[in-house]
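Heads up: the sequence lines are chains A and B, in that order.
Sequential numbering of the first sequence, starting at 1, is according to the UniProt record's numbering.
Sequential numbering of the second sequence, starting at 1, is according to the UniProt record's numbering.
None of these hints come from the bench; they were simulated from the model.
There may be inaccurate statements among the hints.
No distinction is drawn between identical chains; accordingly, a pair holds when it is met within one copy or between any pair of copies.
What the hints assert, rightly or not - In silico DSSO-like cross-links for lysine-lysine, where the CA-CA straight-line distance does not exceed 30 Å:
#: 1; residue 1: K181; residue 2: K246
#: 2; residue 1: K121; residue 2: K246
#: 3; residue 1: K75; residue 2: K208
#: 4; residue 1: K220; residue 2: K246
#: 5; residue 1: K121; residue 2: K197
#: 6; residue 1: K121; residue 2: K75
#: 7; residue 1: K146; residue 2: K181
Quick caveat: nothing in here was measured; it's all calculated off a predicted structure.
2 protein chains.
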Amino acid sequence: MVRYKAIISYDGTLFSGFQRQPDARSIQEEIEKTLLRLNSGTPVVIHGAGRTDAGVHAYGQVIHFDLPQERDPEKLRFGLDTQCPDDIDIVSIELVSEDFHARYNKHSKTYEFLVDAGRPKNPMMRNYATHYPYPLSLVPMQEAAKDLVGTHDFTGFTASGTSVENKVRTITQARVSIDEKTGFYVFTFSGNGFLYKQVRNMVGTLLKIGNGRMPISQVKTVLESCDRKLAGPTASGNGLYLKEIKYE
Amino acid sequence: MVRYKAIISYDGTLFSGFQRQPDARSIQEEIEKTLLRLNSGTPVVIHGAGRTDAGVHAYGQVIHFDLPQERDPEKLRFGLDTQCPDDIDIVSIELVSEDFHARYNKHSKTYEFLVDAGRPKNPMMRNYATHYPYPLSLVPMQEAAKDLVGTHDFTGFTASGTSVENKVRTITQARVSIDEKTGFYVFTFSGNGFLYKQVRNMVGTLLKIGNGRMPISQVKTVLESCDRKLAGPTASGNGLYLKEIKYE
Numbered sequence: 001m002v003r004y005k006a007i008i009s010y011d012g013t014l015f016s017g018f019q020r021q022p023d024a025r026s027i028q029e030e031i032e033k034t035l036l037r038l039n040s041g042t043p044v045v046i047h048g049a050g051r052t053d054a055g056v057h058a059y060g061q062v063i064h065f066d067l068p069q070e071r072d073p074e075k076l077r078f079g080l081d082t083q084c085p086d087d088i089d090i091v092s093i094e095l096v097s098e099d100f101h102a103r104y105n106k107h108s109k110t111y112e113f114l115v116d117a118g119r120p121k122n123p124m125m126r127n128y129a130t131h132y133p134y135p136l137s138l139v140p141m142q143e144a145a146k147d148l149v150g151t152h153d154f155t156g157f158t159a160s161g162t163s164v165e166n167k168v169r170t171i172t173q174a175r176v177s178i179d180e181k182t183g184f185y186v187f188t189f190s191g192n193g194f195l196y197k198q199v200r201n202m203v204g205t206l207l208k209i210g211n212g213r214m215p216i217s218q219v220k221t222v223l224e225s226c227d228r229k230l231a232g233p234t235a236s237g238n239g240l241y242l243k244e245i246k247y248e
Numbered sequence: 001m002v003r004y005k006a007i008i009s010y011d012g013t014l015f016s017g018f019q020r021q022p023d024a025r026s027i028q029e030e031i032e033k034t035l036l037r038l039n040s041g042t043p044v045v046i047h048g049a050g051r052t053d054a055g056v057h058a059y060g061q062v063i064h065f066d067l068p069q070e071r072d073p074e075k076l077r078f079g080l081d082t083q084c085p086d087d088i089d090i091v092s093i094e095l096v097s098e099d100f101h102a103r104y105n106k107h108s109k110t111y112e113f114l115v116d117a118g119r120p121k122n123p124m125m126r127n128y129a130t131h132y133p134y135p136l137s138l139v140p141m142q143e144a145a146k147d148l149v150g151t152h153d154f155t156g157f158t159a160s161g162t163s164v165e166n167k168v169r170t171i172t173q174a175r176v177s178i179d180e181k182t183g184f185y186v187f188t189f190s191g192n193g194f195l196y197k198q199v200r201n202m203v204g205t206l207l208k209i210g211n212g213r214m215p216i217s218q219v220k221t222v223l224e225s226c227d228r229k230l231a232g233p234t235a236s237g238n239g240l241y242l243k244e245i246k247y248e
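Pulled out of the complex, with its shape left as it was, chain A reads as follows:
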């Protein structure tokens, strides 16, 4: 068996998420269907570094899978890319050692979240940014984002009822800026792992702060209380991008 690591990008709009599930279109299923054909009909299972939800996009999702023989990585990339549906792209493929695991090898992830605050919105971006047609102040969001950086218990920012026990994670970067060209607000988060819906809940809270309906100190309040009810609403998945994954 030869193990391959691939960086993939996809438009999440028409998927119910990364992970295979019955009666719903998933990124995993589409790639495994294509690998099955490229592997002479023998099933291939792929493992992703993380699961993305319905509507969430990726520029730098990482997967690994095994094939019985060594193949030229660029030829394999081209074949897989060409035969996958149009909303999935295979950015690169490399051979890795047998013990590489996309999910369990230590890595940091960077997520980006785009908010279109235009009135009206940009119709071309309606599936690729979350529309927020209310007043927003940049500086309060930038201030509040600083409080997310560090090692914290993020229970207050994850969906209630999550089965993961340890909710302590480290965020190394939490930035809010405005893209000069598009005028969109760009939220960037890097860290060693994120809980279910954590990024979208952090963005939802920062938007409430930027809109003046929560104080800048609300981020600290949520972290200290571990109370999901004190955080803002979950921002919509269509603005979220899994941007990059870096392995140690």
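With the hints as your guide, set chain B onto chain A.
Coordinates of chain B only, in the frame set by chain A:
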């Protein structure tokens, strides 16, 4: 009757074009359906500055229409924008004199055409840029584009069999550049009027030149010969944007 001028933007992906046609979804039909509701059930006809084809997008299409009474333009914009489908936006509305006509008043149009030359493409942009996965050189395209500027007979760059008799048009700007952030090639054309499929045929020809399969002088050859067969193929509509219309 009071006449209104509106700037509209739309994502052309799910439309068969601007113009109303039987059994196909058009921008005109969707806006007229919404205006009918806002006008107490009395039909309203809209007139666009130009027709865009299936898949072609707009940031600055201009329309005009009449309503029996004067309304606050921003309230009308908001109502129309909110009730139109998600892939159409009403950017602005203003009251204009009764003799304003979006199509017949003298104006210049600016079109932009985006080409994603990445390998692989950006999946998020698959409906918003034309993918061209072959080598491209910027400078030959820039040189050739200069020959398009001026007043010429553009017969060689329009679809054969077009009913318009006078095919002389003036192009005031023809530029090719690379967007630093996306790496996309951006083709920009301004002029006092464009023939059917003219922009897409000009782009198709410039791409052949950039790919080294036609000489830089080909633009001149097509203009002088008025022979459509000497031009490149029609570039796909999904990369084309009606960017801006300026009235005199």
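Going through the hints against the structure:
Within a single copy, K181 and K246 get their C-alpha atoms as close as 28 Å, and across copies as close as 21 Å, so both meet the 30 Å cut-off. In the homo-oligomer, the alpha carbons of K121 and K246 lie at most 30 Å apart only across protomers (22 Å), although the nearest pairing inside one protomer, at 33 Å, exceeds that limit. With identical chains, the CA atoms of K75 and K208 are at most 30 Å apart between copies only, with a shortest distance of 26 Å across copies and 48 Å within one. Taking the closest pair of Cα atoms, K220 and K246 come within 30 Å of each other only inside a single copy of the chain (28 Å); across copies the shortest separation is 50 Å, beyond that limit.
Taking CA atoms no more than 30 Å apart as the test, K121 paired with K197 passes in both settings, with 24 Å inside one copy and 28 Å between copies. Within a single copy, K121 and K75 get their C-alpha atoms only as close as 41 Å, which misses the 30 Å cut-off; across copies the closest is 17 Å, which meets it. In this assembly of identical chains, K146 and K181 lie within 30 Å of each other by CA distance both inside one copy and across copies; the values are 25 Å within and 26 Å between.
In summary, the structure agrees with every hint in the numbered list given earlier.
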